[in-house]
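Peer 1: Protein chains in written order, with the numbering used here: chain H, 1 to 318; chain Z, 1 to 284; chain D, 1 to 567.
Calculated from the structure, these hints are not laboratory results.
Watch out, some of these pointers could steer you wrong.
[To be verified] To be clear about the criterion: a stretch of chain D counts as covered by chain H if any three or more of its residues have a C-beta under 8 Å from a C-beta of chain H, and this derived list gives those stretches:
no. : region
1   : 82 to 94
2   : 228 to 237
3   : 309 to 323
4   : 427 to 435
[Unchecked claim] A few chain H residues that don't get close to chain Z, going by computed Cβ distances all over 12 Å:
no. : residue
5   : THR3
6   : MET12
7   : LEU26
8   : ILE51
9   : ARG55
10  : GLY69
11  : ASP79
12  : GLU82
13  : PRO89
14  : LEU131
15  : SER136
16  : PRO146
17  : MET213
18  : VAL259
19  : PRO267
20  : GLN292
We put the beta carbon where it would ideally sit given N, CA and C, even for glycine.
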Amino acid sequence: MTTGLSYVAMRMASAIATLFVVSVILFAAVDLLPGDPAQQILGVNATPERIEEVRRQLNLDDPAPVRYGRWMWGLLQGDLGESVRTGGPVEQIVGRPALNTAILVVVGFGAIVAVALVLSALSGIREGSRLSNVVSLGALGALSVPEFIVAGILIAVVGLELGWLPAVSLVPIGGTPLDRPVILVLPVISLAIVGGAFGARLIRAAVADAARMPHVEAARLSGVPEGRVILRHILPAAIPPTAQVLAFLVPFLVGGAVVIERIFAYPGLGSLLVDRVSLRDAPVIEAVGLLQAAAVILAFQAADVVGFLASPHRRTAP
Amino acid sequence: MTMLAGQGLREQAAGQAARLRARPARPSVATLALSVLLGVVVLVALAGPLMAPHSESEVVALPYEGSAGWFGTDYLGRDVLSRILHGGRPIILIPVIATALSTLVGAVLGVAAAALRRDDVIMRAIDIFAVIPAILVALVLFHRFGAQAWVLTLAVVISSIPFTTRFARSAAYPILSSGYIEQARMIGEPLPAILVRDVLPNLVRPVLADAGLRFIGAIYLVAAAGFLGFGPPPPSTDWGSMISENIGGAGLNPWGVIAPSLMVLLLTIPTNLLADRFARRVAG
Amino acid sequence: MISVRELDIRGHLDARILGGLCVDLERGKTLAAVGGSGAGKTTLGLSLLGFVRRGMRLAGGEVEFEGRNLFALPERELRRLRREAIAYLPQNPASSLTPTLRVEDLVGERRTDRSPSAEELLELVQLPGGRSFQRRFPHQLSIGQQQRVAIARAIANDPRLLILDEPTSSVDPTTQQVLLALVERLRDERGVATLLISHDLPSVGRVADEVVVLSSGRVVERGGALRVLDSPADPYARALVSASPDIGVSQPRTAAVAAESAPVLGVDGLCAGYSIGRGRGKRTIHAARDVSFDLAAGETLALIGRSGSGKTTIARTLLGLHAPTDGEVRLGGAAIPPRLRQRDRSQRAAIQLVPQDPEQSFNPRRSIGDGILRTIRQISGLRGGAATLRLAQVLELAQLDPALARRRPRELSGGEQQRAAIARALAAEPRVMICDEITSALDTIVQRQIIDLLKLIQDETGISLLFITHDLALAHEFAHRIGVLSEGRLVEIAPSGQFARRPQAAESRVLLEAAPSLSRTLATRQDATRPSAGGDDAARAVHNATSGAPGDASAPAEPNLVPGRNA
């Protein structure tokens, strides 16, 4: 028998192992793929001496495992290295945007979950009803609209034409987006429409699957009140798949935030990442990538833990 | 014996009922209409450069001039309609190539995982890639190789493979453990014959249905890359790039943003609806 | 108390599910609805709850319960009746338990003010009523316990009407006894009316007062249970009754086999197992332990046993699909390799399988004929016209309409699919055909047809059959010899007649006692109603067939009361 605690410990170990492998892949992709980073940083007109200087500065002449080891060692001590383009410690460059993105992702996640749960619960429990079909088709339509198009329309109409909400997300200097929550509205709506549609469809499928189980019909036929049928006989079985769906929203949000931050000039990790990719600033790219992957891994593991706790047949002895 | 003959008739009736149920449904009017719409959009995207009144770099009027041509001019004064017609190819071709590649690789890996029962090894390796957001894959590769079409294609392939593999595995698993595969093994048919006769024909439709969903993801990623400034090198363009290029002047000439947005939607919405219908039919 | 009047329920394409059905059920009475699959039995049962499944609709008629038409009641009233007055036990009762609820909730949820306590309810179905049992989830119970919890849940509302849908087909023998005894008790003590939906005629014969025979949504015969089951008037009802395997009257097949001929198949000291679980929980299940038997030419040997006794593993080992850990399989006296891929073409051809699920054994995207042709080409090497001719021959042998060979598997009925699988096995010209539970998914009448077909094929071709089943009555009349498996061991093997008269092993006696027998059940009831009468023909037949059998007393087996998951 696996207890909840040892299961969580197991998932944590698995998360750390995955993150480690991801760090290797990320490092390899950013630092090791063919091409001379020094040359790429300096451009084609750079003198050989200058290139040599930058190579030394980046320790590019060391063998790759040594460089990875050095990077990982620093990482474990909270030292992410220095930016090769703007100078300064990476953790300072990444810190503030990471907080801003975290705020956007958490608020966006909340909005998506609210939209998705309401829509899917409305439509999944009585499959085949008119409401269910409308929600399903509407979600499918919304799902086809990339969030930057939603954002573009919102900026053009609500931001510029009507002027109700800021079209650009200016964060007060030294503050966080929470000091001026109004700037979060349009980015969050942009994310929540597509993400909510995505989540609603999948959660609806999970609830519909749960509602199709033979014990649900049996419960209805034994006169159990409808509210209790939903709460006690349908929803518990829908929790594990729903947790998985919600976890899948996290990579969607992390990726979507990159685009959304860009369009609203929101000072988060996404904007930073796009800038640094243009500047070819490897240490910053690695740090941002690792943070994003960590968020996704955490979400998947959390979903596994929720699914475990919600399934008596896994949680208790057979 | 006569009563058993009566039962025989009932058995026959049951068989006939089964045959009636099994008859495939004809495609609906909506499906046909969506297919035609999608066909037109794809045709415009592919043959667009031949129809365009101007080249993609020709300056025809002042920037953001709404009255010039159908959709006015862009931020440099170029004809929006012409650039739309020139900018459709990447958003069709890259997703088509990338989806074909990732589906093929995924099918091979997925069937291998299911056939060898080595799920743990292959699937664990694959799952690690699933935690890296697609856009991050694309950006990391851009960082290294610059924003080129093949890099974008590669990024789509890498970020799709975890999903195509997982799907192909789950589709192949019940086929490989089915009674008819066992039957073929029992009479000693060679493995390649079993793969061709039994596995592939039953795998094609579900895998195609999944490829439809992957294709939408690929379109999205290509449009998003263009939007983030990693589209084709200027003066070439694609629809995603056009949206971000012209969003600053949306107040002066909204068509600079609306027209490419509409083109993206005309591509994604019918594709999505059709893929969903197809996937439902395959699922039964 | 409940009265179904002119009930008309339509399905897909307005096909008739129930047509003009009239049934009455009074307080304290038990009515059985019998018939083959597709007769509309379940639809009738659900209509007594005022419920029509999705995809069907009520086209006319009414169901009146205590003076009120259920189909005209508002949803709330209907729900109140289901909660307070009616109990429904669905087919496969274990699947009606919500896996995330504990026993106390599952049973407690249906209790009313009048109901006994949860503990009493559980003890009523011979389960431990204690706290620790009530705290369990369904997956922590054995299948038999789950079924009994479902029964306790169903009757927890102290119902006036009880609807049992095929309660004995998926239930183990102990639970079957508990359930039937409970039905009698509820009827006698509380005057509960029961609708029993079943194709299990012996169970019907035990508890039903009246019987309606349904065919294609119509009542073809109705009347007192003893009369209908003993001397049905309608041809379909007659077919149904006579097709029901009955160990009380069936004549065992005598060995028409030349005893001196060398065995076709020999099995010597066969051991096989498989491992389940992973890591520390990994265990080896010994599915076959030192199994030895011979199979003569033209002989049918039945292997019987409960589920998990190793029947299917032995079949798979003989076919080379499962590697044995020890022992030998001989074909015509010569040992053959244990694994399929080491066997040559003629060795493969010699042993063929007719599977339990024939539909699943044909590629869904190819025709039945194509599937059979593959065996013909692969095994006999025939091509073109010769192969087609051979296809026509085996289809005729299996009595399958040649036009159906162009169909895909799911376009065939269950009986047609089974004939196609038999044709395919015959196409290899095997010496041994292994039939693995081939009749368990079929109606009794179709089941009878398949058995008759196999007898005919055996007479024509002299093939040997290994007939795997859990149905002793069927084995008794079809097989020359019967082998009994218990926990992987072959505990007894004997000619059918001798087996039924003098079973040796304890497991054999248990199986023989549980074997359904309509004639025996009817005789018992007739004896009970006319104690002075000497018994009629049916009863005499029973006494003749079972004289000396310990099961003669026909007392129900004492249910196992030991708490715990293996009870």
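Peer 1: Against this structure, judge whether each hint is valid.
Peer 2: Okay, the hints, checked on the actual structure:
| no. | hint | verdict |
| --- | --- | --- |
| 1 | 82 to 94 | holds (count 8) |
| 2 | 228 to 237 | violated (count 0) |
| 3 | 309 to 323 | violated (count 0) |
| 4 | 427 to 435 | violated (count 0) |
| 5 | THR3 | holds, 24 Å |
| 6 | MET12 | holds, 15 Å |
| 7 | LEU26 | violated, 7 Å |
| 8 | ILE51 | holds, 17 Å |
| 9 | ARG55 | holds, 17 Å |
| 10 | GLY69 | holds, 20 Å |
| 11 | ASP79 | holds, 22 Å |
| 12 | GLU82 | holds, 17 Å |
| 13 | PRO89 | holds, 20 Å |
| 14 | LEU131 | holds, 19 Å |
| 15 | SER136 | violated, 9 Å |
| 16 | PRO146 | violated, 5 Å |
| 17 | MET213 | holds, 18 Å |
| 18 | VAL259 | violated, 5 Å |
| 19 | PRO267 | holds, 16 Å |
| 20 | GLN292 | violated, 6 Å |
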